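Each chain, written out:
4 protein chains.
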Amino acid sequence: MDFAPDARTTELAETVHRFLYDQVLPAEPTLDRQLADAPDDWTFRPIVDELRAKARAEGLWNLFLPSERGAGLTNLQYAPLAELTGWSQRLAPVAMNCAAPDTGNMELLAEFGTPAQQESWLEPLLEARIRSAFSMTEPDVASSDASQIGTRIRRDGDEYVVTGRKWWSTGAMSPDCRLLIVMGKTDPDAARHQQQSMVLVPRDTPGVRIVRPLTVFGYDDRDHGGHAEIVFDDVRVPVENLLGTEGGGFAMAQARLGPGRIHHCMRALGTAERALALATERARERSTFGVPLSEQGVIREWVAESRVEIEALRLLVLKTAWLMDTVGNRKAMTEIQSIKIAVPRAVQRILDRVIQVFGAAGVSSDQPLAEMFAGNRSLRIADGPDEVHLASLGRAQLRR
Amino acid sequence: MDFAPDARTTELAETVHRFLYDQVLPAEPTLDRQLADAPDDWTFRPIVDELRAKARAEGLWNLFLPSERGAGLTNLQYAPLAELTGWSQRLAPVAMNCAAPDTGNMELLAEFGTPAQQESWLEPLLEARIRSAFSMTEPDVASSDASQIGTRIRRDGDEYVVTGRKWWSTGAMSPDCRLLIVMGKTDPDAARHQQQSMVLVPRDTPGVRIVRPLTVFGYDDRDHGGHAEIVFDDVRVPVENLLGTEGGGFAMAQARLGPGRIHHCMRALGTAERALALATERARERSTFGVPLSEQGVIREWVAESRVEIEALRLLVLKTAWLMDTVGNRKAMTEIQSIKIAVPRAVQRILDRVIQVFGAAGVSSDQPLAEMFAGNRSLRIADGPDEVHLASLGRAQLRR
Amino acid sequence: MDFAPDARTTELAETVHRFLYDQVLPAEPTLDRQLADAPDDWTFRPIVDELRAKARAEGLWNLFLPSERGAGLTNLQYAPLAELTGWSQRLAPVAMNCAAPDTGNMELLAEFGTPAQQESWLEPLLEARIRSAFSMTEPDVASSDASQIGTRIRRDGDEYVVTGRKWWSTGAMSPDCRLLIVMGKTDPDAARHQQQSMVLVPRDTPGVRIVRPLTVFGYDDRDHGGHAEIVFDDVRVPVENLLGTEGGGFAMAQARLGPGRIHHCMRALGTAERALALATERARERSTFGVPLSEQGVIREWVAESRVEIEALRLLVLKTAWLMDTVGNRKAMTEIQSIKIAVPRAVQRILDRVIQVFGAAGVSSDQPLAEMFAGNRSLRIADGPDEVHLASLGRAQLRR
Amino acid sequence: MDFAPDARTTELAETVHRFLYDQVLPAEPTLDRQLADAPDDWTFRPIVDELRAKARAEGLWNLFLPSERGAGLTNLQYAPLAELTGWSQRLAPVAMNCAAPDTGNMELLAEFGTPAQQESWLEPLLEARIRSAFSMTEPDVASSDASQIGTRIRRDGDEYVVTGRKWWSTGAMSPDCRLLIVMGKTDPDAARHQQQSMVLVPRDTPGVRIVRPLTVFGYDDRDHGGHAEIVFDDVRVPVENLLGTEGGGFAMAQARLGPGRIHHCMRALGTAERALALATERARERSTFGVPLSEQGVIREWVAESRVEIEALRLLVLKTAWLMDTVGNRKAMTEIQSIKIAVPRAVQRILDRVIQVFGAAGVSSDQPLAEMFAGNRSLRIADGPDEVHLASLGRAQLRR
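So the protein sequences, as listed, match chains A, B, C and D. Residue numbers for the first sequence follow the numbering used here, so the first one is 1 and each next one is one higher. Residue numbers for the second sequence follow the numbering used here, so the first one is 1 and each next one is one higher. Residue numbers for the third sequence follow the numbering used here, so the first one is 1 and each next one is one higher. Residue numbers for the fourth sequence follow the numbering used here, so the first one is 1 and each next one is one higher.
None of these hints come from the bench; they were simulated from the model. You may find that some hints are simply not true.
Stated by the list, open to error - To be clear about the criterion: a stretch of chain A counts as covered by chain B if any three or more of its residues have a C-beta under 8 Å from a C-beta of chain B, and this derived list gives those stretches:
(1) 129 to 143
(2) 212 to 218
(3) 267 to 273
(4) 276 to 290
(5) 382 to 393
To be verified - Covered stretches of chain A, going by a simulated chain B footprint (3 or more residues, C-beta under 8 Å):
(6) 351 to 359
(7) 370 to 377
Fair warning: this is a prediction, and the values are worked out from it, not measured in the lab. Beta carbons: idealized from backbone N, C-alpha and C, even for Gly.
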């Protein structure tokens with residue numbers, strides 16, 4: 001057992017850290033300005049392209065992708081880098097082409113795509129020439145139960161016809177998003193986990209109707225393409241657009257979720273670290289009743305509790321990454337569920353405390369905290385709500 | 001001891017309940033539409049006027065005001081009515097002219113205003129012909145510590161000259177807001193709690209500059225006039241605009257806070273009740289893995305925990321109201337602090353659970369939950385943060 | 001609505017308060033000495049008799065019993081008196097003949113007993129000439145599910161034959177305990193809630209075998225008769241010893257539980273108040289690192305949190321009592337479950353904090369805290385564990 | 001970074017695991033019997049000697065001691081072994097001569113003892129021919145603040161004279177305990193952390209008076225020598241009995257605490273694992289209302305929450321051990337404080353849940369849970385209470 005990171009991780013982490021402090025954090029006000037200057041524009045703002053160019057020049061590109069197509073890092077090596085990008089969830093992941101949902105989509109295409117599909121979609125995604133969305137969640141059912149999916153994908157000659165309603169297709173409000181990976185049922189009579197398939201639907205296919213943007217606690221997340229509700233109204237794509245095999249949709253979704261969940265947790269820890277750094281700075285500067293916040297018992301207690309939670313959970317995330325690397329995602333299921341449950345809840349507590357440290361500024365847009373809170377809060381729902389994972393993990397433990 | 005409400009309370013509660021269900025809740029989508037149709041307009045939307053007319057016709061008007069100027073209710077009688085308005089914080093209080101910050105401002109004017117001040121400002125406020133704001137909080141200091149207030153109110157002949165920067169002046173983004181009650185220091189060298197005074201500043205006085213709207217978790221609260229940052233740049237008002245006495249500002253602010261805090265708590269309980277009602281409905285309609293949510297252990301547990309918290313805290317709020325009525329606000333300080341601490345935190349837990357019941361819909365604008373969460377979260381900061389009250393309450397207990 | 005206690009309650013509370021401070025609290029060290037002096041003696045210690053005589057002389061006797069047989073108090077009137085007895089759970093309730101399980105047993109005998117049964121058992125219990133136990137819980141089954149009870153009560157001519165194993169028969173280790181009220185199945189084939197009956201079994205009946213005393217966190221509770229495991233080995237009693245009707249056992253047990261649960265909650269609040277009083281005293285006397293505990297943030301926070309929890313829950317207990325008085329125990333079920341869930345958990349948190357205030361003394365017998373903790377902890381299990389009540393309460397709410 | 005234990009650790013863990021299951025756990029009922037058979041005897045029971053012989057034969061001896069005098073293991077290697085001994089805190093550590101307070105005392109003697117002191121005391125301790133106690137805590141002061149220590153160690157010619165009152169001298173009730181390491185002030189006028197010294201006081205020295213045994217939640221812990229209150233009444237020892245240097249007491253105490261704290265945490269995790277294993281077994285066997293506990297939502301949730309907490313905190317303990325091995329105890333201070341705060345609190349929550357799973361059996365001596373709870377609860381006080389460490393850790397973080 002050894003808790004020291006390897007040389008490549010250490011080196012990359014330094015580069016990412018420098019990039020974060022020198023380029024990304026100072027670009028946040030620019031992003032805000034560019035968003036304010038173009039109120040109805042959902043395309044990515046110019047600052048994103050600028051940062052991408054710089055990131056690429058530094059070799060900070062596609063770090064999430066384990067194969068030779070990406071940086072070839074293990075999950076364990078990627079973890080501290082992803083954490084650093086969580087300090088600026090709005091800019092750092094997208095700047096380094098490591099942002100969801102493109103990451104998961106690239107993984108799917110890399111693993112299950114045909115050469116033609118890879119050429120059409122994976123290559124431009126790896127180059128960040130286009131963006132993509134993942135259309136699984138539906139408004140009418142509890143999407144944690146895949147058997148309830150209502151969207152139909154019906155074969156009709158050489159085409160698939162997609163009919164259904166999706167929402168929370170993150171990124172899909174942006175015209176930069178060209179590809180929707182859509183999950184639906186090809187065979188509702190098959191065994192429970194073999195009913196679903198995925199098809200690749202170009203966003204400009206006739207019948208694709210972007211209904212509206214959704215908000216998360218009042219935020220439209222326009223900086224990364226928002227969250228769309230989409231109607232698929234007899235949308236036709238050639239059969240070549242099937243991803244993987246018919247009936248393979250559920251298995252592919254599961255394969256996609258493992259890395260997705262751990263990436264979210266890694267970044268969430270970075271968010272917590274930034275919040276804590278902000279709290280520390282504020283506590284040194286402000287006083288009430290003649291005493292600096294940093295010398296008040298409750299502030300010290302909050303900082304200490306937060307520190308302990310972060311340290312313990314980071315180790316659990318790292319161990320999970322190590323297990324995924326050494327025994328595979330399936331055998332790391334207990335750990336993946338554990339961090340999926342524990343990290344966003346802990347980060348929520350930490351953000352709640354830090355908001356309290358900042359007072360009214362904490363809930364406003366003058367600090368990044370409220371937006372962080374909103375984004376993190378939705379992690380407790382996305383990819384399966386806390387209680388589904390708790391029940392599943394508990395069941396597995398009781399079976400042993 | 002008797003836990004049954006009196007006849008007048010019962011009767012009024014039924015009227016408010018009917019008004020809420022028949023008029024207010026159905027008007028919420030109308031409000032959303034009217035807001036969407038006039039994106040940059042901060043004036044109150046037409047639906048508010050419609051509801052006001054109906055409320056007034058029902059006798060549901062100025063119920064908060066204890067004197068003959070209002071409905072003449074005790075705090076204990078008002079409590080369940082205020083709770084019901086908390087089901088729709090966006091519309092019910094304003095419809096019944098019981099919305100902060102006007103309520104506190106009317107109380108100040110009724111108690112400390114000269115006849116001329118009452119004629120100019122209290123009368124139109126009681127008629128809801130104008131709105132008002134309260135400018136106390138400042139961006140540069142911890143406003144829970146009144147001694148830190150930076151705004152200066154300097155006498156110059158027959159005028160006061162106000163200089164300073166305020167924020168979180170709720171309502172002041174709206175042109176309907178005509179009056180700002182501004183707290184500042186008239187004598188920085190006086191005893192700590194006699195340095196502050198309040199002056200009445202018409203919003204259109206030269207030198208008043210509305211800098212920008214603030215957001216709460218992404219919400220601009222445009223439906224009730226938003227929250228403004230305001231610069232007072234050598235703003236001159238006649239000395240007649242002094243409210244109360246020079247040096248009386250701190251005491252008046254404290255007097256204003258007692259009722260304000262209990263009103264917030266009453267309404268917060270109504271918010272929690274509505275959330276719980278929504279959760280109950282949802283839990284009956286949705287199923288996961290073949291089992292209705294309403295039959296799943298964790299949902300039952302959440303509902304039970306929420307019910308117990310609401311019941312216990314409602315009683316504490318009612319007892320606080322009773323104490324304010326019978327022994328006065330000062331002697332009810334422990335109880336006022338208790339509910340100020342406990343209610344918003346409990347409501348936050350409840351809203352967090354109900355958001356989880358709703359999944360992704362819970363954080364979106366399709367349900368009122370996320371906006372409720374944001375509003376309630378800010379109660380833990382407004383009028384003194386949790387930890388200031390905890391420390392003060394603990395100190396008082398340890399002294400006994 | 002009115003939160004002021006009536007005159008009789010106020011007067012009695014003053015008397016009980018005086019009795020507590022003048023007689024009971026000073027008697028605790030005497031009790032400890034008398035216990036130490038007679039290590040294997042399970043009879044009540046002489047100090048108990050002394051206190052009883054004094055309590056009776058003060059009119060503090062059988063206050064729990066609502067009928068003319070007792071003090072004729074309502075639940076609402078009894079509540080603050082019971083709370084005061086909770087300051088010294090070891091001595092105050094027994095001194096005033098208001099101690100479980102005799103209270104519940106007296107209620108059963110008063111309501112369901114025949115005149116002969118009342119003469120034989122109720123009278124001596126009312127006089128505190130004997131003690132009694134209630135034998136319901138069994139080691140082999142989850143006793144919150146009455147359908148699982150294994151003890152058989154078989155009719156054989158003019159006798160009932162009782163066979164089974166019980167435990168947690170509180171008080172039954174003491175030779176002063178003369179009567180066991182035993183719950184068992186007379187008809188395992190009847191409807192689920194009509195299988196059970198209760199019989200009166202004198203403790204010296206042949207076949208009654210006291211197996212062993214049980215401990216609660218290491219405490220044998222010898223001061224109030226301990227907790228016995230008992231085997232009933234073909235124990236024969238005359239049919240006249242049936243309490244109520246055959247098949248009426250479940251309903252009688254439920255009737256018994258309502259008041260029992262609220263009494264426990266009332267006393268638990270008194271326990272919490274005493275703990276808080278001890279913490280306050282300690283915090284004023286001790287210093288660490290040059291600062292009195294009473295001026296340290298965390299101590300203030302604990303005291304404040306505890307105060308708020310006690311105040312809110314006391315009101316819920318009082319309202320529950322009022323409901324039991326006005327609409328009856330059945331209609332007060334939600335409230336009874338609410339306090340059963342919430343009070344012992346809150347008191348546990350409070351005791352845990354106060355133990356921490358006392359450091360090592362807190363877990364020792366030098367302070368009453370650890371024993372209080374143990375007693376209170378078992379309340380979360382007795383009369384149905386937390387989670388059974390949470391599930392039941394949640395289910396009822398979701399049904400509405 | 002690598003999360004796999006090394007070969008020696010794996011091998012030793014298997015041996016300890018076998019020893020635990022084959023020898024230790026089956027010996028617990030024997031220990032209970034032997035304790036019951038000799039009610040006033042504080043010497044170690046025969047079963048301990050039997051187990052020691054077996055442990056030694058297996059090479060499971062003095063594993064805690066890093067130097068060649070012990071097993072030569074690193075902290076990281078020892079951690080999983082210590083955890084396993086925590087499954088049976090009453091027997092496993094003592095059987096393997098890895099029980100506090102002897103472990104800390106042996107470390108002190110090994111590091112600071114003279115050859116003569118080592119021959120007299122360390123050798124017999126390493127052989128388990130004698131036991132020892134550590135007398136630091138005092139009843140009259142908050143012992144987390146070393147400056148408050150009241151015991152005086154006055155030099156008088158060739159002797160030191162010790163005067164003072166100590167308590168919580170764990171093990172000292174047993175006649176097997178021969179050595180007391182006593183902390184006191186040699187120079188109250190020196191700098192704050194140079195006032196204290198330690199002397200070796202044979203337990204049979206004239207003037208040493210064992211006042212009484214203390215209890216922890218009703219447990220006297222007679223199986224491992226109890227906890228003594230001791231008066232030192234002009235106790236004279238030769239100056240050769242000084243441990244280390246005059247004024248070096250505080251530093252030695254700190255040096256002793258680092259390993260002590262991590263050992264406690266390691267074992268506490270084992271305690272939690274055993275509790276969880278018991279809960280799992282119980283949940284499979286018991287049913288309520290026709291449903292096995294293992295299929296009830298709340299039980300699954302508890303098990304899942306407990307699993308996550310254990311996994312995260314075990315990693316933090318292991319990393320702390322690794323830091324102690326690689327950068328030293330001082331630089332691992334933040335992590336040592338973190339686990340000291342977090343582990344006992346988490347284990348308390350887990351034990352509380354498991355007690356609830358067991359119902360009334362959980363608080364009794366039929367299950368080890370209540371005794372585990374009592375022991376673990378005292379960890380939140382021993383070696384500095386939670387809040388002292390929280391404040392210290394928070395202060396350090398805010399300083400960075």
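Each hint, compared with the structure:
1. 129 to 143: holds (count 4)
2. 212 to 218: Holds, because 5 residues of the segment 212 to 218 of chain A bring their Cβ atoms closer than 8 Å to Cβ atoms of chain B.
3. 267 to 273: violated (count 0)
4. 276 to 290: holds (count 4)
5. 382 to 393: holds (count 7)
6. 351 to 359: holds (count 3)
7. 370 to 377: Our answer is that it holds, as 5 residues pass the Cβ test (under 8 Å) against chain B, meeting three.
In the structure shown, a violation is registered for the earlier hint numbered 3 alone.
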